[in-house]
Amino acid sequence: MIFLSRTLPLVIAFAFGMLGVIGYYVPHGDAQSLEREMALWMRIVFAFSYLLGLYSLLNLHWQRIRQRVAGWAYSLIAILSFAVMMVFVVYNDGLGPFTAQAEAGGYKWLFDNIQVSCASTMFSILAFFIASAAYRTFRARTPEAAVLLIAAVIVMLGRVPIGRELSDFFPIATDWLLNVPNLAAKRGILLGVSLGAIATSLRIIFGIERSYLGGGAE
Amino acid sequence: MRAKNWLSALVLAWPLASAAENAEQGIDIPAAPGIGTLLADPLPPIEEQELGELLAHPEPPIKVQAFDTPNDDGGSITLTWPRNPQISENAMYQVAIADSPSGPFRVVAEVAATGNLMSEAPALFGRRADLENHHYVNVEEFAAAGGKTPLEDGKTYYFHIDVRSAGGAIRGKVIVNAESKGNFFNNSKINNLVLCLVFSGLIMGYIGIARRRELKIRRIAGLEALDEALGRATEMGKPVLFIHGLRGMDAISTIAAVNILGRVARRTAEYDTALRVVAPDPVVLSVSQETMKASYVEAGRPDAFNPDHVFIAGTDQFSYAAAVEGIMIRDRPAAHIMMGYFYAESLLLAETGSTTGAIQIAGTDAFTQLPFFVTTCDYTLLGEELYAASAYLSGEPRMLGSLKGQDGGKAILLAVLVLGTLLETFLGWSQLTHFFTP
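Chains A and B, in that order, are what the protein sequence lines are.
The working numbering numbers the first residue of the first sequence as 1 and each following residue consecutively.
The working numbering numbers the first residue of the second sequence as 1001 and each following residue consecutively.
Because the hints were derived from the structure by calculation, they are not lab data.
Among the hints, erroneous ones may be present.
Unchecked claim - Estimated spans, in silico, between C-beta atoms of each pair:
no.	chain 1	residue 1	chain 2	residue 2	range
1	B	I1329	A	F123	43 to 53 angstroms
2	A	T99	B	S1119	50 to 60 angstroms
3	B	G1126	A	V45	40 to 50 angstroms
4	A	I114	B	A1411	49 to 59 angstroms
5	A	R141	B	A1123	49 to 59 angstroms
6	B	N1071	A	V11	26 to 36 angstroms
Every value quoted in this text rests on a predicted model; they were computed, and no experiment measured them.
Backbone N, C-alpha and C fix where the C-beta goes; we use that ideal spot for every residue, glycine too.
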């Protein structure tokens, strides 16, 4: 059992990790076709995992309805929405379930007029959340927050026509803020992220990191 | 009329002159059955004003080289030839291909007289100064009777390069040949490999040192706060909500998030605190379930594990955000732990979470979302700290050694950045950049 639960996953992680590394440096057709084959298998696994995802989603909402937990009506709407969409997907505008999805019909109409509209609504809420988050951040209670406030005011004024009308300083200062200190910070983070990714990959490939197998005890 | 005579004389004399030049240069020109055809072809009529251009008329290149394109998986041949500084800007080189020296040759590429310089493709030819005096073209397919046909590896193809200008086309007399093949190493990535080996060596070296003696690691406030958040949830008798980022299991940030989940799940199992995990992706869901189950088993609490506590909240970005926000508002978890790669939903989640009064700890390597987390969460793991979290929480010497190795790598990069800036600023020497680019 130790072999199946510990050793085998580590061997698989090492073998496929090394294959990934080698595939990056070896352009030969055989190496590339092996990589393509692995990607294909990943897609097949992913397709099957969608069944698990579907079960998880429906089960979650079914349990909420069954136990009448707070907001169970939303779960009912989720399951009904799934059922309605499923009917239109299978009907496929009269073409049936074994042909590619039609470009018109009930499924397309529901997607364009409900799903897209709801997603756009969620996205538009972001504008208000940005305002409330900015209000909290820009209260200049510390020197760092004061610097942030000043920089934000300059960038905001530099990005709107009234800023240019007030002074040429704002667009110039905005460009400088974005291209020098902001870009330097971004690149610093990216360098750290890249090194972190290398270290994490090495830890997993060489079996040092085992927390994905549970807890991480030796 | 006089101009036409001059031109005819030039065209007739040109093969002879070129042959003499080739003999001087020692260039062996294979039999070119097309030359006779060229001389037999009637030249189009020409106007007086075009004479100046035609007198400076380019000869087709002689020093043509054809070879397998380096660093690729085969199916491509590269041709190079010297740049002619006297050539008219409007002239074009035409590359023709055949699968036998006797033809038939088909035009496969056209290169402007000032275009396709070898210096423009450093990944292929390096960065020598003289490369700006040579043209190149990569041939991967040609038009055949049955449509576009890719080059076959191991098969010999023959090429010649013509020149086309206002006065018409002049056929190249040099026929070169080459075979394409797949390469076993991409030389343009050699600097990448060297850097990767250096950083890997550094990390492995520090892991070795960590086995022998204790290494001091800087404190990461966000991770120190994890215990505080879990303890608070235990005291309040409320669940902890672990929220994955939007990327799939192929992203290292998601792998790092799963590693953190393993540590968190072990603590919650020990504290007997409820842990809910939401994922946007079925593969992440399965891996999270297995990781959480293994952690509960390791903690000696397999009975406390409920697979239904790990679930998909939605696979679409804003559906996911809406579902998670609903959980935050309805279930009121004591702590929200957001780990992985987030997009625009980061602020939706974190701002909603902050209104519930929960302790919020976020970790992401998406630098565009970091400001949102910093402003709305109690603690934020910035970039690399997300990757360091699992090692930091484990406290194992080998894991801590890898963190020290990361810091060593950063020190090297910082030193190179400073050195490169000084060299570029004071000496105008920018070659150091090329060690870090393809």
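We went through each hint and held it up to the structure:
{"no.": "1", "hint": "B:I1329 to A:F123: 43 to 53 angstroms", "verdict": "19 angstroms, violated"}
{"no.": "2", "hint": "A:T99 to B:S1119: 50 to 60 angstroms", "verdict": "52 angstroms, holds"}
{"no.": "3", "hint": "B:G1126 to A:V45: 40 to 50 angstroms", "verdict": "41 angstroms, holds"}
{"no.": "4", "hint": "A:I114 to B:A1411: 49 to 59 angstroms", "verdict": "54 angstroms, holds"}
{"no.": "5", "hint": "A:R141 to B:A1123: 49 to 59 angstroms", "verdict": "51 angstroms, holds"}
{"no.": "6", "hint": "B:N1071 to A:V11: 26 to 36 angstroms", "verdict": "32 angstroms, holds"}
Comparing the model with each earlier hint shows a violation of hint 1 alone; every other hint is respected.
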